[in-house]
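Join the two chains, each given in its own frame, into one complex according to the hints.
Chain order of the listed sequences is X and V.
First residue of the first sequence? That's 1 in my numbering, and the numbers climb one at a time after it.
First residue of the second sequence? That's 1 in my numbering, and the numbers climb one at a time after it.
Treat each hint with caution, since some may be false.
To be verified - Derived list of chain X stretches under chain V, where covered just means 3 residues or more per stretch with a C-beta under 8 Å from a C-beta of chain V:
(1) 284-293
(2) 318-331
(3) 337-343
(4) 379-385
Claimed, not checked - Below 27 Å or equal to it, Euclidean Cα-Cα: the simulated BS3-like pairs (lysine-lysine) are:
(5) V:208 / V:171
(6) X:86 / X:147
(7) X:277 / V:121
(8) V:155 / V:198
(9) V:213 / X:244
(10) V:198 / V:121
(11) X:293 / V:155
(12) X:293 / V:92
(13) V:213 / X:277
(14) X:86 / X:140
Hints listed in this document are in silico derivations from the structure and should not be mistaken for laboratory results.
Note that the structure is a prediction, hence the values are computed from the model and not measured.
Backbone N, C-alpha and C fix where the C-beta goes; we use that ideal spot for every residue, glycine too.
If you want the building blocks of each chain, they are given just below.
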Amino acid sequence: MRYASAEVRKQFFIEMFTRDISLEDCVLDLIDNSLDSYLLKHQISISKLIFGPNGTDPSRQLGTIDVTCSDRQVKVVDTCGGIERKRAMEDVFCFGHAEDDQIGKLGAYGVGMKRALFKIGNKFDIVSQTANEGFEVSFKLDEWAEKKEWKIPITFIEGAASERKAGTSITITELHEEVSLRIKQGGVPNNILDDAATTYPFFLDRCVRLQINGNRVAPRPVQLGESEGTVRPAHESFQQDGVKVTLAASVAPGQRTTEQAGWNVLCNGRAVVSADKTRLTGWGVELPAFHTKYTSFVGLASFESDDPLSLPWTTTKRNINQESSVFIRAKGIMAAMSKPILTFLNSQYPSDPRVEAGNIRNAVEGVRGVSFRDIASQPIGGFLFTASRKKEKKTDWVRFQASIVSLDKVRRHLRRPSLSPSDIGKLTFAHYVKTECAAD
Amino acid sequence: MSEIGSSCRVQYDLRPAKQVERRMIVDALQRLAAAGFPIADYQYTGFGAIYFVDFILFHKLLGMSKLLSLEQQTSLARRVDFNKPFSCVDTKMVPASSEIPNLSRDTRHIVWLDYDGVLHKNQLSDIQSAATILSPGSILLVTVDVEPPEDYDYKEVDPDFDSSKEVLGPKHWKRYFEYHASAFLSLGLSEEEFGKSKLVLRSTEILKAAFTKAIVARPELQFLPMFNFFYRDSHRMLSMGGMIEGRTEKRLLRASTIKDDSVYYRDSFDSPPFEIIVPRLTRKERLYLDKEMPCSDSWVPKEFDLDAEETRRYRDIYRFLPAFAEILL
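Extracted from the complex, chain V is given alone in its bound form (with noise of 0.2 Å):
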């Protein structure tokens, strides 16, 4: 995990493939509520930072008043504090593995595990704590960083590591990940196997393994995966979930069109995630496109260049794409 925590380092509120994952997210969820599940009266479990903009959606669209912001970071108390959005946000500064025990198990939760670093085995004992103790039709999210591991990183595996003598590479990354996730891994995986662009496919191996841990032990209910979200800010970051799913949960979610008519939608983890690519446009651009949305698979604005596959991608995101402006207060 790096040192300094992200709310520090990211502008949380203007990073627009983020800022698509999460109203996607809130999507699902209306269509979850529409299909049953009463949304509105789950509790919300995330990490709000000093910015609460998940707190702020949730709050304002799906009417979830049930949430509880979690900052390790004891420095920032008084920010945390200062920054909560409603009354109705409760929060509290301690590590996630403190208060996932005492999450209600009368209550239905959404639990968005949001981290900012790589792969950790404190992450990987956070879903398994979460998968154990959520009630059934809880929905558990966890967000991780792809990038490969850095130097501050790999020095908690190897203290001696020296970074003006040796670059980091395959081997380390390796051995990083063995050394939190030895577990979750498959036998005999190569060095090449955790190269840069394989890294994705290793943490989301992970994940899927660490939910799948939890859950085979409470044999009446299944994980259901629902999200499977790959996306880059600046970072590339990977997000993962579903749902909690008995038997009702099952039966509800068959007559919900979620599946159906949603194209981040993952019901498995082994399909490849949905990719959220923002291309760059201008509001011009939006604008003329937007009167086309949603358009044919071949269709391409023929006032500019834009080719078949971006013009595909910007129908799959202009629902949820915010625009951002320079407001002078």
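Bound-form chain X, shown alone (with noise of 0.2 Å):
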């Protein structure tokens, strides 16, 4: 038997596979193993981040990221807890992860960190301390590039000494020259800052401070609407292959712009996609294609697992493997739920100028906040909007013109001359109900 060569070459997790992410995205993936660093040593639900009570949890103290993007170096600095000298010797450097390996619950596939650094820059200098033990790794990529083997050099550095001040810090630095001038161009601060808000907003403030070159980011919910004995979100959930599926939709409140609208996926409460509008989440196929009478229209969709191989994300975490069989299972549901959201909505703007949509308008534009944890409370079932009863009208007014002559008359009858009309009507009519009509 002859063999052909089918090795791995360094030049494909260098040229290859880092251009498949956006350079904000690599970001977020260096953010996503400083967060895994704190879920892991404080050992946080992600079901109870996302379901659970709100606020902090007072027994733990917030990790703190702190992001620097310049056109020279990226830099991200937590004290989120640090990477332990045997994870970094065994698996942190590797291209995927081992089957024993430790996974944490954003970092699935064993990528994000590697193809970040590879994606951004020449030079990586990493320091990593737990409270026990530490070490710094530093590297040239086109070094690194030339050598045959797979290793990269490491160095044992003592620990922190304290919890809070255990972390890692990664900078690179002699930047490509395509990375260098993309933030030359401006703009890649803010959208960090931009998609992290929307990225994170279960463990902004609640786990971590996060800053981007020295911005505090503030996390910027999905808006759920209700409004209470009127619109009632849809709230459905299911479990399948050991992923924990919750769905939520309904109206979003206060005033949105066509941008926001749409369906939003959350995978182990990190935000994969946001406010789709596309075929992805059933837009144009078993829904109608969007159009901006939906703009208030809000889905979420969260998938939850402590296995994160299990989870619709792909690696990129910015988008859905559509061949995921709990995601096609959860579409067929956000599109059952979708629909009667949209006709409401669509009931806006009736045909027909007789039909009457005020109350419809009233209720889109009177919907409130309502958490995704208070949804996530109530029973299945689907959204409901039920109509305010009219108030039954107790009076109606009796408005007609009569002559001067017979008000007249009736003045002269009654002896009193300066009787207004309104006066004579009410008097008049109050007798012919008193004097002609059965009582009640």
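This is the structure in structure tokens:
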């Protein structure tokens, strides 16, 4: 038997595999690693973060993640607990996880950090310290690429001595020309800030404080709406293949732009897809194509698993693996729960102008924010709009013209010359009711 | 879909083939009840319009009392309410798409999406929602018109279509079905495949694909075909349906007699539909035939002319065929 060569080449990881991800998403991959260290250190359950009580757990200190992004360097420094030496030696720098590796909640594939480093620059300095031990890694990509072996030099250093200081620092310098060019063009730090605000709403200020170039990133959660007695959001949930799926859809509160409308998908609490209005979440296939009249539509789909490989995200964590069986099932349910909301939003604009749509518009404008957690605590059910009952009228106007002659006749008859026409109307009407109508 | 709701165009209670279909469905449900399916506890959701014929049958013959009728033509609201036959019939003036996600997951359902129009993407979307949501043991039935799409149907696909200049034909019907159901059609179908006589087959394929698409996403369940009726009172109509089946239902169905002695039962959508053809017979002829029913395959009446095929057709449906008579009230 002859064998053809099928070996792995470093160039693949350096030149090919870095093309499928944006610079911003590479930085988010590094933030994912920091977050994972924090989640691991504090044994935090994703379910509790999303659906548990609001606010931070006073028993643990918030971690910090500081991102610096300039055309000369990209740096991510955290105090999220650091990486243990053993993991650094056996796992962190490998491409892909081994079967028995300890996998985090946000790092599924074991490629994020390496891909980010290779995408951004040539020189890497990594220092990581837990409370008890630490290591340093410094290497240049071009030099590493020339060597045959798949090893990276590592030096052991002392620990941080305190849990508060334990953390990791990744500094990337000698940025690739195209990366430096993009950063020089401007906008990259703002993009990272915006993306992080919508990607980590369940982690920011509850696990970590994140800063981009010294600017604090405030969480920007997806806004779902309800209105007591009038608008009930749709809620569905199921479990499949070790993945817990929770779905909510409704009308969003407040003024919206079309950019905010659509389906949002979370994998282990991290936003993977935001405000999707494409075929990915059924638009234009099971649902009508998106239209501005659906601007108030909002959907949130959460997939959670202890095994992140079971989640339907792609390696860039910016898209969905559409062949995921759990996503295929969720997508059908997402379409079913969206339709009543679209019908409801459509009915704001009746084709027949005689149809009263004011109550629908009032209901859309009247929804108030409700948390995903509160929706998920309700029983499963579809979107419901209950039209508020019109108040039964107790009175109505009687208005007519009467001749001055006849009004004067009444005045003379009653001997009240200054009686106003309105009082004459009331008196005569009351007289008619009293003398001609049967008692109730 | 037509501009006028069928409840205003069709005298619902006087369609013999449709009535045979309803009676056959009732027969099947009775057999399922005998096999251990608690049909009387199922919820029936249908389009009762202002006649509620299916609701009356299901309540009286099957003892079902969770009954929900959906009507989207809001101008009919008062008539729908006025004609509600029993207090246990609930009515909602909403389209099926708005109600399907609200169907209880703790109840088994019979949902009959009894559309009066030709296939439309909204119907396919309802079918998928229902097959996605309905609990195991539930029965989903869909009826569509399989006549060629008409001018007002086609205008949705091509608003510039001018019926005074062009007559609709297979070319347009192909475009119509591709517009509404491209994901459910086989690749490479020619215009001839959308000729009038082929539209039943196309609609069957599309409906089958719609059931399948939704159910494959629920790995623990299957869609078990049960009904595939083709009939014609005025328009040619196709009804397809079956059960959302888990392991328990599979076991119960295996033990039931429904498959063996029901001529109408179809456990595959690949076999031809059961064609309901109502022979034109006088009352006297029917009385004569009934005395000989069920007859052998070769038996034909001696007193008048009715060939063996027509006689067999009558044998298949005589138990389900209504007799219409004028009653002066």
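Enumerated hints in conflict with the structure, sorted upward = The structure breaks none of the hints.
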